Structures are given as C-alpha cells and as structure tokens.
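Protein chains in written order, with this note's numbering: chain A, 356 to 616; chain B, 356 to 616; chain C, 356 to 616; chain D, 356 to 616; chain E, 356 to 616; chain F, 356 to 616.
There could be a bad hint or two in this list.
Identical copies go unnamed one by one, so any copy, or any two together, can satisfy a pair.
In the PhoX-like style, the derived pairs of lysine-lysine whose C-alpha atoms are separated by at most 25 Å in a straight line are [stated by the list, open to error]:
(1) LYS511 x LYS572
(2) LYS572 x LYS518
(3) LYS572 x LYS560
(4) LYS513 x LYS560
(5) LYS518 x LYS560
(6) LYS547 x LYS572
Please keep in mind that the hints were generated in silico from the structure rather than gathered at the bench. Being a predicted model, the structure only gives us computed values, none of them experimental.
There are 6 protein chains.
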Amino acid sequence: MANSACSGGIEARADGRAPSELRALSIERGFNVYAEGSASVRWGNTIVHCTASVEDRVPVFLRGSGGGWLTAEYGMLPRATNDRMPRDVSKGRINGRSSEIQRLIGRSLRSALDLRAIGERTVWVDCDVIQADGGTRTASIIGGFVCLADASRGLKKKLSLAKLPLQAQVGAVSVGKVRGAMLLDLNYEEDKSADVDCNVVMNGKGEFAELQGTGEKGFFSRSDLEEMLLLAREGMQVIFALQREMLDLSREEEEIFDGFF
Amino acid sequence: MANSACSGGIEARADGRAPSELRALSIERGFNVYAEGSASVRWGNTIVHCTASVEDRVPVFLRGSGGGWLTAEYGMLPRATNDRMPRDVSKGRINGRSSEIQRLIGRSLRSALDLRAIGERTVWVDCDVIQADGGTRTASIIGGFVCLADASRGLKKKLSLAKLPLQAQVGAVSVGKVRGAMLLDLNYEEDKSADVDCNVVMNGKGEFAELQGTGEKGFFSRSDLEEMLLLAREGMQVIFALQREMLDLSREEEEIFDGFF
Amino acid sequence: MANSACSGGIEARADGRAPSELRALSIERGFNVYAEGSASVRWGNTIVHCTASVEDRVPVFLRGSGGGWLTAEYGMLPRATNDRMPRDVSKGRINGRSSEIQRLIGRSLRSALDLRAIGERTVWVDCDVIQADGGTRTASIIGGFVCLADASRGLKKKLSLAKLPLQAQVGAVSVGKVRGAMLLDLNYEEDKSADVDCNVVMNGKGEFAELQGTGEKGFFSRSDLEEMLLLAREGMQVIFALQREMLDLSREEEEIFDGFF
Amino acid sequence: MANSACSGGIEARADGRAPSELRALSIERGFNVYAEGSASVRWGNTIVHCTASVEDRVPVFLRGSGGGWLTAEYGMLPRATNDRMPRDVSKGRINGRSSEIQRLIGRSLRSALDLRAIGERTVWVDCDVIQADGGTRTASIIGGFVCLADASRGLKKKLSLAKLPLQAQVGAVSVGKVRGAMLLDLNYEEDKSADVDCNVVMNGKGEFAELQGTGEKGFFSRSDLEEMLLLAREGMQVIFALQREMLDLSREEEEIFDGFF
Amino acid sequence: MANSACSGGIEARADGRAPSELRALSIERGFNVYAEGSASVRWGNTIVHCTASVEDRVPVFLRGSGGGWLTAEYGMLPRATNDRMPRDVSKGRINGRSSEIQRLIGRSLRSALDLRAIGERTVWVDCDVIQADGGTRTASIIGGFVCLADASRGLKKKLSLAKLPLQAQVGAVSVGKVRGAMLLDLNYEEDKSADVDCNVVMNGKGEFAELQGTGEKGFFSRSDLEEMLLLAREGMQVIFALQREMLDLSREEEEIFDGFF
Amino acid sequence: MANSACSGGIEARADGRAPSELRALSIERGFNVYAEGSASVRWGNTIVHCTASVEDRVPVFLRGSGGGWLTAEYGMLPRATNDRMPRDVSKGRINGRSSEIQRLIGRSLRSALDLRAIGERTVWVDCDVIQADGGTRTASIIGGFVCLADASRGLKKKLSLAKLPLQAQVGAVSVGKVRGAMLLDLNYEEDKSADVDCNVVMNGKGEFAELQGTGEKGFFSRSDLEEMLLLAREGMQVIFALQREMLDLSREEEEIFDGFF
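Start from the sequences, fold in the hints, and give me the full structure.
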C-alpha cells in the first residue's frame with residue numbers, strides 16, 4: 356500500500372508508517388482441522404484466531420421461524436496483553452469490554468450472511484486474541500468474514516443451495532486522531548493516546564454495517580468524521596483485496612463477489 | 356417543536372409525529388432524597404430513573420493519579436418491557452446488551468466531567484429503566500447529565516472549587532431509517548422495524564462524544580448518515596434547552612453553560 | 356388518621372407522629388403500561404414499585420397439578436439507600452436480606468390468591484424499591500396486593516371465571532419497640548434503634564398470614580407481643596381502606612371484598 | 356416428658372406421639388476435634404451437625420467498633436432428604452430457603468451472645484443437615500447454642516473475662532396446626548400437611564428472640580397463636596433442660612444459667 | 356493387623372503406628388434412612404459420610420445408549436479442618452482440589468459397577484467430609500464402594516437382574532515417603548511433610564483402577580514406587596476384609612465377591 | 356525417531372506409527388512478544404500455546420515466607436475440539452476436567468522451579484489448547500517447561516542470581532493400552548478406545564514428578580504398569596532432547612542441564 360499524503364499531523368508514527376498505511380496484514384486460512392471455517396489474522400503484533408462452527412439449531416426466539424442466526428464470541432488469552440490479565444472464568448463472568456466487542460462482531464458478520472437461506476442453523480464465530488496490539492475487533496471481523504465464507508461454502512454444498520448464502524463482503528478498520536493527526540489502523544500505543552477513535556465496518560460498496568466513533572478524550576467534529584471515513588475507505592480496499600485473495604475464489608464465486616462491489 | 360418537512364418516507368408515524376419530531380420529553384429533577392443528583396426522565400412511554408452518587412475513591416488503575424472517574428450502570432426492572440424479563444441476578448450475570456449500553460453511557464458522561472478537578476473520586480451514574488419504549492440509552496444520557504450537573508454543584512461546594520467541574524453539556528438522541536423514511540427519536544415499534552439505527556451523543560457545539568450507527572437489516576450509505584446526523588442535530592436543540600431549563604442555572608452557571616455552545 | 360394515646364414512651368417521634376400514626380401513605384395504581392397489574396406505593400420517604408405479571412406456565416413441581424403459583428421478587432435500586440449499594444448482579448447473587456424478604460412477600464400474597472382457580476399459571480409480583488426509608492417489605496405487600504387484584508380481574512375475564520380468583524384482602528405493617536415506646540410503622544431511623552421489630556401480615560378478619568417478630572437487641576415478652584399486635588391491627592384498618600379505595604371496586608367486587616372482613 | 360391433653364384434634368399422630376410430645380431428642384457434644392464448640396443434634400430422624408468457630412476479625416461494618424459478631428451458615432447434604440437435591444454450589448448460589456433459615460439462626464444466637472465482651476471477633480456457627488425430617492432450623496438453634504456456650508468458655512479463658520460472654524440461654528421449637536389439631540415439634544410429614552406453622556425461639560424467661568408464624572394454607576387467628584405459644588413453651592422446658600445437662604455446667608456456670616431463667 | 360518391618364526410616368510415627376499399620380478404620384453402614392446406600396467411614400480422626408442415590412436418567416451424552424452412569428461429588432463441611440474454610444457456595448464455585456478428588460472417586464467407583472446392567476440410570480455417590488485428618492479421598496472410595504454395593508442390591512431387586520451389577524470390589528489407600536521412611540495411610544501431619552504421596556485404588560486381584568503418585572517436594576524413583584505399591588497392597592487386604600464384613604454378604608453374594616479376588 | 360519393536364499388539368496404528376513412536380513434535384519458542392517465556396507446542400494435530408508470566412507477589416498463604424509460587428491455568432478454545440464446546444465463562448465456572456489438568460501441570464512444573472530462589476514471586480503458566488487431538492496435558496507440561504526456563508533466565512538476570520532458579524528438567528508423555536497393545540503418545544482416537552491410560556511426568560534422571568494411571572475400561576496389572584513406564588521412558592528421551600535444543604543453551608546452562616540427568 357502506497358503512502359498517502361499526511362493528513363494533518365507532522366509527527367511521524369513510531370513504527371514509521373504513513374498516516375494512511377496499514378500495518379502488515381496476513382491471513383492464514385484453514386489453520387484449524389475441525390472447524391467449518393478458520394482464519395488466523397496477523398496484523399502487526401496483533402494475532403487473532405477465528406473459527407466458524409455450524410450448529411443445527413437456533414436460539415429459542417427463532418425456533419419455527421425457518422431462518423438462521425449468527426453469534427460471535429470474543430475472548431483473550433491471559434497473556435495476550437502486556438500485563439497478564441485474569442481469565443474471565445476466574446471472575447465467573449465475561450468482562451464488559453469483551454461483551455461489547457462480541458456484539459459488534461456478531462452484528463457485523465450477520466449483515467454478510469443470508470440468514471433465510473441457511474434455514475434453522477446457527478453459525479458461531481469465535482474470535483480469540485492470541486496477542487493484542489490494537490485493532491483486535493477489526494481483525495476479528497476481517498478474519499471472521501473469511502471463516503464465514505468457508506462455512507458458507509460448506510452450507511451451500513450440504514444444503515444443495517443454488518448460491519453461496521452470502522449477501523456482502525464485510526471488513527473493518529480503525530481510524531483515529533492522535534495528537535492532531537488522522538491515522539489509519541491504530542496500534543495499541545496510538546490507540547491509548549488517541550483523542551478520537553473510530554471503528555468502521557463496511558461492505559464493498561462503501562456502505563456501513565457499523566460505525567462506532569468515540570471521543571476518548573473529548574469530542575470530534577463533523578469534519579473529523581469526514582476525514583476518518585475517507586481514511587477508513589482507503590484502508591478497506593487493501594483489506595477486501597486480501598480477503599478475496601485468501602479465499603481463492605472459483606470463477607462462479609468471483610461473480611458473486613464482484614456483485615458485492 | 357415544529358414539524359420539519361418529511362425527509363423521504365410518505366407513511367405517517369403510528370403516533371402521528373412528524374419525522375423530525377421528538378416524543379413528549381420531561382425531566383423530574385431531584386426525585387431521590389439521598390442521591391447527590393437525580394433525574395427521572397419520561398420520554399413518551401419510556402421512563403428512566405437516573406441517580407449520581409459520589410464515592411471518595413477511585414478504581415485501582417487510578418489510585419495515586421490525582422484524577423477521578425465516572426462509571427455508569429444500566430439496568431431494567433423485570434416488567435419494564437412488554438413481556439417480563441428475568442432479572443440479571445437470576446442468571447448470575449449482567450446481559451450483554453446492558454453491558455454494552457452502560458459502557459456507552461459511561462464514556463458519554465465522562466466526556467462532560469472534568470476528571471482532574473474532582474480529585475480521586477468516582478461518580479456513579481445509575482440508570483434504571485422503569486418502563487421501556489425505545490430510546491432508553493439516550494434517555495439515560497440525557498438524565499444522567501442532569502444528575503451529573505447536580506453532583507458537580509455539590510462537588511464544587513464541598514471541594515471549594517473555583518468553577519463547576521464540567522467541561523461540556525452532553526445529550527443524546529436516536530435516529531433511524533424506517534421503511535425508507537428517516538425518523539427522529541424512534542419508539543420501540545419503529546426501532547424494531549428500522550433498517551438503520553443510529554445513536555448520537557453530542558455536545559452543544561454539535562461535536563460528537565459518541566456515534567454508533569448500525570445497519571440492523573442491511574447497510575447504510577454516506578448520504579443516509581448525513582441525513583441522520585442532520586436530524587439528530589435538530590433534535591438535540593430541544594433536548595439541550597430542556598436540560599438547561601430543568602437545571603435552573605444561576606447567572607454564574609449560565610455563563611459556563613453558554614461556553615458549552 | 357387520628358392520634359391514638361401514647362402507648363408507653365414519652366419521647367416524641369422525630370417526625371412528629373403519634374405512636375399509632377402511619378406515615379402518609381399513597382398508592383398510584385396502573386403506573387406501568389405493560390403489566391397485568393401495577394402499583395407504586397409511597398409511604399413517607401419509602402417508594403416501592405410493584406408489578407404483577409401473568410405467565411402461562413408453572414414451576415416444575417406443579418406441572419400437571421392443574422393449579423397455579425405466585426412468586427415474588429424483591430430488589431433495590433443501587434441508590435435507594437443513603438449510601439449507594441452495589442447491585443446484586445455485580446456480586447453474582449441475590450443478597451440474603453432480599454432473599455428472605457421476597458419469600459415473605461411471596462407467601463403473603465399467595466395466601467390471597469385462589470391458586471386452583473387460575474389453572475397452571477404463575478403470577479410474578481416484582482417489588483422494586485426506588486427509595487428506602489423503612490417498611491419496604493410491608494409496602495411491597497400492600498402494593499403487591501393491589502397489583503394482584505388487578506391481575507385477578509384480568510384473569511377472571513380471560514378465563515371466564517365466575518368470580519375474582521381472590522380469597523382474601525391482604526396487607527402488612529410493621530410495629531416496634533423503640534426506647535421503651537411501642538410505635539406503629541417504623542421509619543429507617545426508628546427501625547435502626549428498635550429493640551424489637553415485628554412485621555405483621557393480616558387479612559381483613561384480623562387473622563395472620565405471616566407474623567415475624569425479632570428481638571433485634573434482646574428479647575420481647577408476651578405482653579410486648581400483645582401490644583404490638585393491637586397496634587398493628589389499628590394500622591391495618593387504614594391500609595385496607597386505602598387499598599379498597601384505590602382499587603375502585605365495582606358493586607359486584609364490593610360484595611366479594613366485604614366477604615373478606 | 357409426660358403427654359399433655361390433646362389440644363383439639365382427635366386424630367393420632369403417625370408416630371404415636373401425644374400432641375405436646377417432642378420426638379426423641381439427643382445432643383452429642385464435642386463430636387468435632389477442631390472446632391471451638393460442636394454439637395450433633397438428633398431429633399427423631401433429623402440430624403444436624405453444628406460447629407462454632409472463632410475468628411479474630413469482624414465484618415467491615417464493625418471494624419473499629421470494639422464489638423464482635425456472630426454469623427450462622429446453614430446447609431444440607433445432598434441426600435439429607437428423601438430425594439437427592441443438587442448441591443448449592445452446582446447452581447453457583449445458595450438457595451432462598453437456606454438463606455432465610457441461616458438468617459433466622461444467626462439472629463437467634465446473636466441474642467444469646469454478649470457481643471461487646473468478646474471484642475472484635477466473629478463466631479461462625481455452621482449448621483449442616485445430615486438428615487432432614489422436619490425441625491432442622493430449630494435443631495440448628497438448639498445445637499448452635501450448645502456450640503456457642505463451649506466457644507464462650509474458650510473465649511472467657513483466652514480473653515481472661517470475668518464471666519462467660521453469654522447473656523441468655525436460647526432454644527427453639529416448632530408448633531403447627533395439622534388437620535385441626537395443634538401439634539408440637541412437627542416432623543416432615545406433619546409439616547407438609549400443616550395449615551399453620553410457627554417457629555418459636557425463646558430464652559429461659561419465656562421471652563421471644565424470634566417468632567415466625569406462617570399460614571401455609573390459609574390464615575391463623577389470635578387464639579391459634581395463643582395455643583401455639585403455650586405448646587411451644589411447654590416443649591422449651593425439655594429442651595432447655597437437655598442443653599444444660601449436656602453442657603455439664605460448673606457450679607459457677609450454674610449460677611449464670613440460673614440467672615437466665 | 357500385624358506390624359510389618361520398618362521400611363527405611365527409623366523415626367517412630369507420632370501416633371505410634373508401625374510404618375505399614377493402618378489407623379483404626381470402621382464403617383457404619385446404613386446411617387442414612389433415605390439413601391439407596393450409605394456408609395460413614397471413620398479412619399483415625401477422618402470422618403466421611405457417603406451416600407449412593409439412584410436416579411432414573413443419564414447425562415445427555417448417554418441418552419439412548421442403553422447404559423448407565425456413576426457420578427461422584429465430594430465436599431467438606433466448613434469446619435472439617437483445623438481452620439474453618441469458607442463454603443464453596445460462598446465463592447460461587449467448587450474449588451479445584453474438590454473437583455480433582457471427585458473425578459478420581461467417580462472413575463474409581465465406575466470401574467466397580469456394571470454400567471450396562473443397570474440400564475439408563477445414574478448412581479450418584481456423595482462423599483462429604485465431616486472431619487479431615489488425611490486420607491479423605493481414599494476413605495471416600497472405601498465408603499463409596501459399600502454404598503454402591505447396597506445400591507446394587509436394590510437395583511438387582513428392582514430390575515430383577517440375574518446377578519448383582521458389580522464387576523469388582525474396589526478400595527483405596529494412601530502411601531507416602533516421609534523423612535525417608537515409607538509409610539502406609541498418612542494422616543494430615545504426615546501428608547504435609549511427605550516428600551512423595553501416592554493414592555492407590557485397587558481391585559481384589561491387586562490390579563489398579565487408579566494410581567496417582569506425586570512428588571510433593573521433589574521426585575520419586577522406580578524403587579520408591581515399588582516400595583509404595585507393596586505397602587499399599589498390604590493395606591488393601593485389611594480394607595477389603597472390612598468392606599466384606601460390613602456388607603454382611605449372603606452366600607450367593609459371597610461367591611460373586613470371591614470371584615473378585 | 357526409530358521404530359521400536361512392537362510391544363504386544365499386532366494391529367497397526369491408524370496413522371502408521373510404531374507402538375513406541377511419538378507423533379511429530381515441534382516447539383516454537385518465543386511466539387508471544389509480551390510474556391517472560393512462551394512456547395507453542397505442536398504435536399501431531401494437537402496445538403497448545405504456553406506462556407509464563409512473572410508477578411511480584413504470592414498467594415496469601417505464602418506472604419512473608421520469603422519463597423515463591425507457580426500456578427498453572429489450562430483452557431481450551433471453543434473449537435479446539437471436533438464439536439464446538441461452550442466457553443467455561445458461559446457457564447460461569449471452570450469445568451472439572453480443566454481443573455484437574457491444571458493442577459497436574461502446576462504440580463509438575465513447580466517441581467522444576469527453585470521456589471526459594473525467586474523470592475516472593477509467582478510464575479503463572481498459561482496453557483491454552485488451540486487444537487486438541489490427545490496429549491494436551493503432556494504437551495502443556497513440555498511447553499510449560501520451556502516457558503519456565505525462559506522466565507528463569509529473566510529472573511536470574513533481574514534478581515542477579517548466581518544460577519538459574521531451576522532444579523530439574525521436566526517433561527511428560529502419555530502411554531496406554533489400546534486393544535491389547537501398549538502404545539506411546541496416544542492421539543484422541545486411540546485415547547478414546549484405550550483400556551488403560553497413563554500420564555507420566557518425569558525428570559531427566561528417570562524419576563517421577565507425577566504418575567497418573569487410569570483403568571478407563573477396567574483395571575491394569577503390575578506388568579501393564581511396567582510396560583507403560585518403559586515405553587514412557589523411551590519417549591522422554593526424544594522430548595528432553597527437543598526441549599534442550601529449542602532452549603539453545605549457553606555453555607554455562609548446558610552444565611546445569613547436564614546435572615539434571
């Protein structure tokens with residue numbers, strides 16, 4: 356990815372990146388021998404393992420509806436972070452941050468899946484952070500989509516569907532304002548000192564599945580928002596291309612994916 | 356509040372409101388005799404009780420920092436909703452939705468409070484939904500700000516501060532796209548059938564503390580976002596005015612609040 | 356309510372009441388738009404919201420029995436008290452005091468309901484303390500009965516019953532011995548310094564549904580008990596009258612209620 | 356113990372007892388080699404193990420007060436009952452019935468202990484039901500008092516107190532109305548079919564520490580109450596005598612205990 | 356039991372036992388009136404109550420299999436130990452040690468039961484430590500087998516089985532190396548200072564159901580292991596004989612048990 | 356590793372291994388950028404991530420003792436197994452199997468660490484199963500030792516110790532009897548159909564830290580045990596060599612490790 360012009364700040368990023376430059380991003384597809392889909396995402400020092408599991412039943416509120424569901428769960432290994440964190444189970448409950456993140460991931464990936472087509476089935480997407488250096492929720496969505504696409508392939512075959520039960524390609528990226536500069540894809544140090552932080556979940560048409568902006572240390576203006584959304588969009592091109600490449604699409608699938616843009 | 360022109364849809368709202376019209380909104384300040392601040396917000400059929408409590412200590416990660424903290428908690432009475440819901444405590448844990456909402460409220464109100472000025476103290480803002488008909492998280496932020504302002508008055512006095520430890524006036528409103536029409540302040544029925552749903556937390560300058568948009572049943576475009584933010588801004592004028600009115604500001608306080616716009 | 360003669364002590368009550376005088380008591384019926392019955396009780400500074408919810412199934416131990424059940428749950432908002440209390444859910448379990456109180460409320464209201472008549476249904480009575488200044492369990496029973504009566508009206512209609520599925524009017528009041536004086540309806544300060552504390556749940560015939568006396572700071576004699584029960588009975592007249600008034604009985608219902616005395 | 360005249364019913368008790376006859380009651384003192392006091396109570400088929408443990412600190416709310424505390428805990432072995440019950444820990448929480456009972460035991464025994472005399476110490480009384488056939492809470496109080504007396508002896512010695520830190524002898528018994536007959540000391544079958552059930556906790560002077568009457572299947576009148584209290588008093592004589600006998604009082608202690616009557 | 360020659364150490368045991376001498380061991384069979392089998396084991400100062408309960412269903416993973424299951428649960432009364440321990444339920448979860456022990460007991464007793472013969476039923480074996488002085492897990496297995504044998508008798512009758520649904524007699528004992536000496540049946544003090552600790556679960560043929568050796572303070576060699584297994588075998592003779600004696604076998608049962616050796 | 360002679364069975368292993376052949380085993384050291392030590396173990400299809408974290412305090416029972424502690428925690432990602440398993444935190448508690456395993460890992464690694472030398476510090480070893488195909492507990496111990504060695508290097512430096520605070524090299528392997536054949540290093544399918552299963556934790560001198568044998572489907576004899584221990588010893592040579600190789604020992608460290616054999 357080429358450097359874009361600096362968008363305001365003059366300070367260089369600690370890792371030498373240009374403001375609109377993503378960290379090195381790679382996806383290892385199929386790392387898990389059991390799951391219906393799996394993808395390990397490495398993004399700078401952030402590592403997230405994602406798996407998709409298909410279960411032949413739905414939550415109570417959907418029984419008899421004929422439609423399916425997608426649930427995401429998000430966790431961190433105790434030493435994913437600089438200081439060791441106690442396991443959630445030691446306290447007997449999931450922590451609030453994880454709870455908020457897994458709801459975001461779930462909604463985002465649900466928007467990519469054709470819930471009617473899969474019938475009364477649940478796709479569980481598990482995102483487990485092996486190492487955290489910022490962007491774990493966006494990495495989860497990126498990897499989660501790859502798993503989901505593989506699980507969709509399995510469902511198409513198993514249920515003899517006419518087409519993949521997907522309705523969009525979905526990815527995510529963070530942007531933020533750090534000491535006056537708009538930056539794409541914040542690492543942990545940048546995130547910690549960001550004034551504004553925005554997680555953008557998009558489809559290939561540049562539409563939003565989710566948009567979550569936070570004035571961590573104050574407020575952000577309409578023009579801050581504009582700038583952040585532009586930057587996010589730029590980053591999404593790289594991400595979408597990588598997802599497609601990793602999925603190794605058949606000609607038929609290429610067409611479907613082309614329709615997502 | 357005057358009707359604005361209809362922003363797209365032609366269908367009337369079930370309760371007869373114009374697209375940019377808020378439901379009847381009122382705030383009862385000081386309903387609780389013990390709390391450092393309290394406000395009961397009634398917004399259509401939604402009723403939320405908010406209290407602010409000041410505690411003379413901070414979470415572990417802030418000890419020795421000299422600064423304070425604000426934590427929000429959000430809960431619902433079992434029959435706040437159409438069907439009775441089991442209490443969180445019956446399951447031994449807070450549900451994911453509440454967890455996500457209380458984090459939003461906490462971040463929003465934290466942005467209004469001058470955490471340095473109050474020293475090592477925690478303000479607890481409790482938002483308990485007595486009756487839910489959409490907009491409970493925005494009502495919580497609106498009422499939470501009123502509580503917080505009263506708690507700030509108390510702290511100013513108790514700590515002999517030169518000025519109120521507030522740095523912004525903060526309020527919130529929801530907007531959404533329902534069957535093609537952009538609508539302000541969704542009630543539960545509208546929210547349920549919304550394609551897009553956006554919660555906007557703003558300060559008086561039209562800047563964002565938080566922005567959370569969700570494509571509940573698909574995706575939303577940049578122009579959807581524009582439209583929603585315009586509508587939200589319109590609604591915020593009414594909300595800010597009501598908060599100020601209810602707070603019954605002294606001349607000195609008026610000046611501070613004027614500075615927030 | 357007229358002052359009765361002072362029953363032993365010579366000290367005046369802090370709020371100026373006579374020993375056998377209730378605090379101002381009012382009931383707002385139907386405050387909740389969803390519940391099958393609802394009543395908000397204000398008793399001095401004590402405020403309790405009660406709702407009745409009807410569910411079309413019974414606990415496991417009653418399945419197939421043909422009869423119904425009534426369960427009460429009791430909770431407090433975090434700032435119902437002078438100092439903020441952590442939510443039960445934060446600790447993962449209901450506290451012992453709440454557990455004890457909700458069992459008392461449940462047994463008391465169960466004695467008023469004709470469990471056979473309603474078939475395999477459960478009435479949930481939720482009592483949530485908005486503000487606590489003594490007497491929250493008795494207020495819960497008073498308001499709970501009003502909810503229950505409204506829920507009974509609904510069940511009579513829905514199930515085409517010949518009569519209201521009620522078998523008694525039930526109310527409750529506390530009495531205690533404070534610095535040698537027998538007092539009716541203790542507020543928090545009185546309760547805290549009481550030597551003896553007694554909660555009396557009665558029907559209109561002066562019979563007991565529940566009687567719980569505690570020698571908080573020692574013991575109480577048979578004659579203490581006599582005195583307390585007399586005082587309680589006096590208070591119950593006022594309470595029963597208010598419940599009937601608030602229920603706005605039809606002529607037919609009047610007859611049924613008359614039979615309860 | 357002599358039979359008293361039958362108090363209303365004509366039906367014989369299934370186990371052949373007279374209405375005012377206790378089941379065979381025995382106490383094994385000192386069954387536990389570690390505890391500061393221990394007593395195993397066998398009452399008909401009911402078996403409860405009680406221990407008293409002294410801890411050199413008090414709950415937070417008493418720190419710095421100079422006074423002590425007593426806490427009771429009550430549990431049942433899984434097969435204490437006819438059908439095996441899951442352990443509380445399997446559900447992650449104490450059940451409501453146990454919670455209510457242990458609060459009753461705690462208040463009752465607290466009234467017997469001189470909390471000022473023992474300084475900032477806590478006496479834990481654990482009551483574990485080995486086998487349940489009615490009367491487990493009263494057996495717990497009876498045995499708990501014996502433990503407590505032994506723990507008091509230890510504290511007197513350890514703290515060089517002038518006298519035993521006890522201020523009363525305390526015991527308990529149940530009474531109930533079963534098919535029209537007033538019966539003392541209900542076993543499980545009687546308890547299940549009782550219309551009224553009353554647990555009476557008394558000191559040697561016939562004063563009440565606790566009185567809990569419940570109209571299980573209806574209501575009870577003032578005269579029912581009179582009858583039950585008389586019957587309870589009769590039973591308490593036997594119980595107090597057994598406790599004293601088991602404690603094997605020294606001459607000096609005899610005097611103190613005599614003062615309790 | 357005869358003393359064996361001292362196996363290495365020269366130090367006498369604090370309680371005067373020879374190295375290969377068991378503490379006084381006795382079993383009270385049938386102490387519980389409800390359970391399908393019950394046995395209270397007293398082993399020196401260790402006391403464990405065991406009950407077997409039969410339930411007419413199996414865990415989910417066995418439904419439809421036609422076979423049965425056996426589950427063991429292990430708990431301690433709070434004052435079973437020298438210092439009072441908080442109840443598991445106070446922390447909301449079973450502690451790790453109990454969890455490990457109950458899995459050992461469950462596997463051991465499962466090996467004695469003919470799971471096919473009993474059909475889709477579960478035998479619950481509850482082992483509750485009344486007093487702990489070392490060897491609680493082995494005492495649980497010893498007593499658990501006696502309960503199980505009695506429950507098997509009941510199942511044989513109830514299901515009209517041709518023979519007892521048992522396939523082995525099972526018992527257990529601990530051995531350890533304490534200050535250089537190999538000792539049989541460690542009490543708490545010995546266990547605490549043991550360098551090596553081994554729990555051996557055997558059948559009558561000297562085969563192992565379970566073998567768990569731990570180098571508490573270092574490691575143990577092959578010859579240490581040999582020595583420990585010899586010692587364990589010696590102890591098992593006494594234990595098996597006591598179990599048989601307590602079970603009071605019929606002639607027919609004698610034959611079956613003879614086949615276990 | 357060369358095939359050893361077949362030790363009894365004649366059936367070939369499904370993956371073509373000889374009875375005494377380990378699956379392909381590799382260790383990636385230092386996969387985690389934050390931890391004081393980290394090792395990812397891949398053993399056939401089993402993958403376990405291990406990290407060591409050093410904390411500057413000890414559990415309550417060691418405060419003031421001057422010595423340190425080591426605690427292990429063991430968890431599985433939800434899709435580590437063929438069917439997705441719910442997270443422990445969803446049920447609010449760690450499952451019994453994990454609890455048993457982490458205690459085994461903890462004791463095993465504690466025997467390798469010089470707890471006195473490290474002062475009042477705790478080493479946390481986290482073992483998280485990414486993919487499970489048998490042998491996860493032995494893989495955890497193998498990888499855990501590598502982490503621990505790296506953490507020891509850090510502590511030696513940080514505390515200026517004269518030598519590495521290690522007192523042994525520790526590894527582990529499973530052996531079992533499957534359809535009559537003794538096999539080394541069981542995979543999941545073999546483990547499931549094993550009659551006997553034994554986990555052996557050894558030091559370089561062939562001494563045991565832990566030995567856990569289970570007759571999953573019956574019992575095992577002394578000669579079975581002999582055979583298993585021989586097989587385990589054979590496998591341990593390969594494992595110890597790999598650990599040493601991966602640790603890339605300095606000359607000075609080589610000497611210390613040589614002393615472990």
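Each hint, compared with the structure:
1. LYS511 x LYS572: between (47 Å within a copy, 22 Å between copies)
2. LYS572 x LYS518: Between copies only: 20 Å across chains, 47 Å inside a chain, cut-off 25 Å.
3. LYS572 x LYS560: Result: close only across copies, 16 Å inter versus 32 Å intra.
4. LYS513 x LYS560: Neither, since 30 Å and 53 Å both go past 25 Å.
5. LYS518 x LYS560: within (20 Å within a copy, 49 Å between copies)
6. LYS547 x LYS572: within (10 Å within a copy, 33 Å between copies)
The structure does not agree with numbered hint 4 stated previously, though it agrees with all others.
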